[in-house]
Amino acid sequence: MPELPEVEVTRRSFAERIRGARVQSVRMGKPLRWPLGVPPQALVGRVIQAVRRRGKYLLVDLDEGVLLLHLGMSGRLLFVPSAPPVGPHDHFDLTTDRGVLRLHDPRRFGAVVWARGEGAEPARKLLAGLGAEPLDEGFDAAAFHAALKKRHAPIKQVLLAGDVVVGVGNIYASEALFMARIRPTVRADRLSRERADRLHAAVRAVLARAVERGGTTLRDFANAMGETGHFQLDVAVYGRAGQACVVCATPIRLLRQGQRSTFFCPVCQRS
DNA sequence: CTATGGACCTGAATGC
DNA sequence: TGCATTCAGGTCCATA
1428 MPELPEVEVT RRSFAERIRG ARVQSVRMGK PLRWPLGVPP QALVGRVIQA VRRRGKYLLV
1488 DLDEGVLLLH LGMSGRLLFV PSAPPVGPHD HFDLTTDRGV LRLHDPRRFG AVVWARGEGA
1548 EPARKLLAGL GAEPLDEGFD AAAFHAALKK RHAPIKQVLL AGDVVVGVGN IYASEALFMA
1608 RIRPTVRADR LSRERADRLH AAVRAVLARA VERGGTTLRD FANAMGETGH FQLDVAVYGR
1668 AGQACVVCAT PIRLLRQGQR STFFCPVCQR S
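1428 is the number of the first residue of the first sequence in our numbering; add one for each residue after it.
FYI, nobody ran anything at the bench for these hints, they're computed from the structure.
Computed from a prediction, not measured in an experiment: that's the story for all the values here.
Note that the Cβ used here is the ideal one computed from N, Cα and C, for glycine as well.
A hint or two may mislead.
[What the hints assert, rightly or not] The list that follows gives simulated cross-link-like pairs (lysine to any residue, SDA-like), each with its CA atoms no further than 20 Å apart:
hint: 1; residue 1: K1457; residue 2: P1533
hint: 2; residue 1: K1577; residue 2: P1533
hint: 3; residue 1: K1576; residue 2: F1566
hint: 4; residue 1: K1577; residue 2: H1516
hint: 5; residue 1: K1457; residue 2: G1499
hint: 6; residue 1: K1552; residue 2: K1457
hint: 7; residue 1: K1552; residue 2: E1443
hint: 8; residue 1: K1457; residue 2: Q1468
hint: 9; residue 1: K1457; residue 2: H1516
hint: 10; residue 1: K1576; residue 2: G1558
hint: 11; residue 1: K1576; residue 2: R1622
hint: 12; residue 1: K1576; residue 2: G1499
hint: 13; residue 1: K1457; residue 2: A1510
hint: 14; residue 1: K1576; residue 2: E1621
hint: 15; residue 1: K1576; residue 2: R1620
[Unchecked claim] Label-pair ranges, simulated between beta-carbon atoms:
hint: 16; residue 1: G1685; residue 2: A1573; range: 19 to 27 Å
hint: 17; residue 1: E1443; residue 2: G1685; range: 34 to 42 Å
hint: 18; residue 1: Q1451; residue 2: D1616; range: 51 to 59 Å
hint: 19; residue 1: P1512; residue 2: A1569; range: 51 to 59 Å
hint: 20; residue 1: P1549; residue 2: R1446; range: 23 to 31 Å
hint: 21; residue 1: P1466; residue 2: G1565; range: 31 to 39 Å
hint: 22; residue 1: S1619; residue 2: G1565; range: 16 to 24 Å
hint: 23; residue 1: E1491; residue 2: F1536; range: 23 to 31 Å
hint: 24; residue 1: P1549; residue 2: A1570; range: 23 to 31 Å
hint: 25; residue 1: T1655; residue 2: P1549; range: 31 to 39 Å
hint: 26; residue 1: R1543; residue 2: R1454; range: 20 to 28 Å
hint: 27; residue 1: D1590; residue 2: H1516; range: 49 to 57 Å
Make a model of the complete structure from these sequences and hints.
Structure below.
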């Protein structure tokens, strides 16, 4: 479900409302990807200072420590005044004096992890090695090209790996490569500066557009207010195998890269 | 060091 | 209808 745009849209949908809230109780359901790291009781009484994002992680700053939230493949947050009935996939409730923050995650690839600070374990290790923030000023085209020069893997897989640039998941990798007219299978180190620049711009444009559109709702994404996204209406190639390319009408092709589906136009993305 | 495949988990869609 | 197989928006870890 969630790539950078969905995580950012989720963040914006509750960050201001939850700021200043005091934690009253914590409920944990089935185990998530990693343990919380402290007894849930330890969060009671903490006050939420801010909600930030790094890559696909949300960082909930507390007056003591920080909570890292990750939505995995199927995670979704909800922030509502009072807790709805608890379903079988509701695995974390943070009840505050301003509402309940709930993580709903059927596949449980998501996580809620506490650390003393961003630089303290286990946060440090989870955040270490993350690449540039694509929507920040600091995402530099020359540095992007230089980083790609060191990689022999197909460009699609380098985008997904997240250690060069963060936040680009399976949907937006295909979309950005289409926009940049680059074939997903080309080795990253074979991209010229000009083509790397096109990809750099395309990644930014696709992600920014998706944030504006409220994310992509393929089946069940919704922000913490329960609102769905609309970028699925703007998708050019993802999930469109066999359908006509929006530019040249050639049928979109599907291929497998590292057990993930990749979609591309064989004519618009010749190399 | 880099690249690759398997692992984690559940539900929906597809195929026989 | 029933049951098996495949696929899904992520990413860590072991292995080459």
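Here's how the hints hold up against the structure:
{"no.": "1", "hint": "K1457 x P1533", "result": "10 Å, holds"}
{"no.": "2", "hint": "K1577 x P1533", "result": "37 Å, violated"}
{"no.": "3", "hint": "K1576 x F1566", "result": "16 Å, holds"}
{"no.": "4", "hint": "K1577 x H1516", "result": "41 Å, violated"}
{"no.": "5", "hint": "K1457 x G1499", "result": "15 Å, holds"}
{"no.": "6", "hint": "K1552 x K1457", "result": "24 Å, violated"}
{"no.": "7", "hint": "K1552 x E1443", "result": "28 Å, violated"}
{"no.": "8", "hint": "K1457 x Q1468", "result": "17 Å, holds"}
{"no.": "9", "hint": "K1457 x H1516", "result": "8 Å, holds"}
{"no.": "10", "hint": "K1576 x G1558", "result": "15 Å, holds"}
{"no.": "11", "hint": "K1576 x R1622", "result": "12 Å, holds"}
{"no.": "12", "hint": "K1576 x G1499", "result": "29 Å, violated"}
{"no.": "13", "hint": "K1457 x A1510", "result": "18 Å, holds"}
{"no.": "14", "hint": "K1576 x E1621", "result": "13 Å, holds"}
{"no.": "15", "hint": "K1576 x R1620", "result": "10 Å, holds"}
{"no.": "16", "hint": "G1685 x A1573: 19 to 27 Å", "result": "24 Å, holds"}
{"no.": "17", "hint": "E1443 x G1685: 34 to 42 Å", "result": "38 Å, holds"}
{"no.": "18", "hint": "Q1451 x D1616: 51 to 59 Å", "result": "53 Å, holds"}
{"no.": "19", "hint": "P1512 x A1569: 51 to 59 Å", "result": "53 Å, holds"}
{"no.": "20", "hint": "P1549 x R1446: 23 to 31 Å", "result": "25 Å, holds"}
{"no.": "21", "hint": "P1466 x G1565: 31 to 39 Å", "result": "38 Å, holds"}
{"no.": "22", "hint": "S1619 x G1565: 16 to 24 Å", "result": "23 Å, holds"}
{"no.": "23", "hint": "E1491 x F1536: 23 to 31 Å", "result": "28 Å, holds"}
{"no.": "24", "hint": "P1549 x A1570: 23 to 31 Å", "result": "28 Å, holds"}
{"no.": "25", "hint": "T1655 x P1549: 31 to 39 Å", "result": "32 Å, holds"}
{"no.": "26", "hint": "R1543 x R1454: 20 to 28 Å", "result": "23 Å, holds"}
{"no.": "27", "hint": "D1590 x H1516: 49 to 57 Å", "result": "30 Å, violated"}
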